[in-house]
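Asks: Sequence:
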Amino acid sequence: MDEQRGPVGQGEQLYATLLRAGLDDVRLVLFPQGQHHLSSTGRPSHREAWYGQLVDWLEDRRPRSSASR
Numbered sequence: 001m002d003e004q005r006g007p008v009g010q011g012e013q014l015y016a017t018l019l020r021a022g023l024d025d026v027r028l029v030l031f032p033q034g035q036h037h038l039s040s041t042g043r044p045s046h047r048e049a050w051y052g053q054l055v056d057w058l059e060d061r062r063p064r065s066s067a068s069r
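Numbering (the working numbering), first residue to last: 1 to 69.
Keep in mind that the hints were calculated from the coordinates and are not lab data.
There's no promise every hint is true.
[Claimed, not checked] Have a look at the derived ranges for each label pair, beta carbon to beta carbon:
| id | residue 1 | residue 2 | range |
| --- | --- | --- | --- |
| 1 | Q10 | S66 | 39 to 45 Å |
| 2 | V26 | Y51 | 17 to 23 Å |
| 3 | T17 | Q53 | 16 to 22 Å |
| 4 | G6 | S65 | 22 to 28 Å |
| 5 | G6 | A49 | 31 to 37 Å |
| 6 | G11 | D60 | 30 to 36 Å |
| 7 | G52 | G11 | 15 to 21 Å |
| 8 | Q10 | S39 | 34 to 40 Å |
| 9 | R20 | Q53 | 35 to 41 Å |
| 10 | A16 | S65 | 16 to 22 Å |
| 11 | D60 | E12 | 18 to 24 Å |
| 12 | R64 | L23 | 32 to 38 Å |
| 13 | S66 | R43 | 39 to 45 Å |
Quick caveat, the model's predicted, so the values are computed rather than measured.
All C-beta atoms, glycine included, are put in the ideal place defined by N, C-alpha and C.
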């Protein structure tokens with residue numbers, strides 16, 4: 001990781017803290033040589049994976065109609 005705005009260790013600490021707090025619906029995704037602005041300036045494969053993770057996260061939280069439950 002080449003992050004210079006927020007060291008990767010801070011993200012790892014936050015992730016561990018959330019897990020210890022009982023939140024089990026969290027995930028930590030790291031990209032080799034990933035920068036803070038990965039979604040706009042990262043490698044194309046990293047941007048695609050990042051947006052894929054975002055879409056999955058949003059889909060998991062999208063309200064479902066009572067007909068589809």
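Asks: Assuming the hint says 39 to 45 Å, is it satisfied by the Cβ distance from Q10 to S66 or not?
Replies: holds, 41 Å
Asks: Is 30 to 36 Å a correct range for the gap between the Cβ atoms of G11 and D60?
Replies: Check failed, 20 Å falls outside 30 to 36 Å.
Asks: Can you let me know if the beta-carbon spacing of G6 and A49 is within 31 to 37 Å?
Replies: violated, 19 Å
Asks: Are R64 and L23 spaced within 32 to 38 Å by their CB atoms?
Replies: Hint violated: Cβ distance 21 Å, outside 32 to 38 Å.
Asks: Can you tell me whether the CB distance of S66 to R43 sits inside 39 to 45 Å?
Replies: For R43 against S66, whose Cβ atoms are near 42 Å apart, the range 39 to 45 Å holds.
Asks: Given a hint of 22 to 28 Å, does the C-beta separation of G6 and S65 actually sit inside it?
Replies: violated, 38 Å
Asks: Given the range 34 to 40 Å, decide if the beta-carbon distance of Q10 to S39 lies inside it.
Replies: Violated - the Cβ-Cβ distance for Q10 and S39, about 18 Å, lies outside 34 to 40 Å.
Asks: Between the beta carbons of G52 and G11, is the distance compatible with 15 to 21 Å?
Replies: At 19 Å between Cβs, range holds.
Asks: Using the Cβ atoms, figure out if V26 sits within 17 to 23 Å of Y51.
Replies: holds, 19 Å
Asks: How does the Cβ-Cβ distance of T17 and Q53 compare with 16 to 22 Å: does it lie in that range?
Replies: Taking Cβ atoms as reference, T17 and Q53 lie about 20 Å apart, which means the hint holds.
Asks: Does the Cβ distance between A16 and S65 fall inside 16 to 22 Å?
Replies: At 36 Å between Cβs, range violated.
Asks: Tell me if the beta carbons of D60 and E12 are separated by a distance inside 18 to 24 Å.
Replies: Hint holds: Cβ distance 22 Å, inside 18 to 24 Å.
Consistency note: the structure conflicts with the earlier hints numbered 4, 5, 6, 8, 9, 10, 12.
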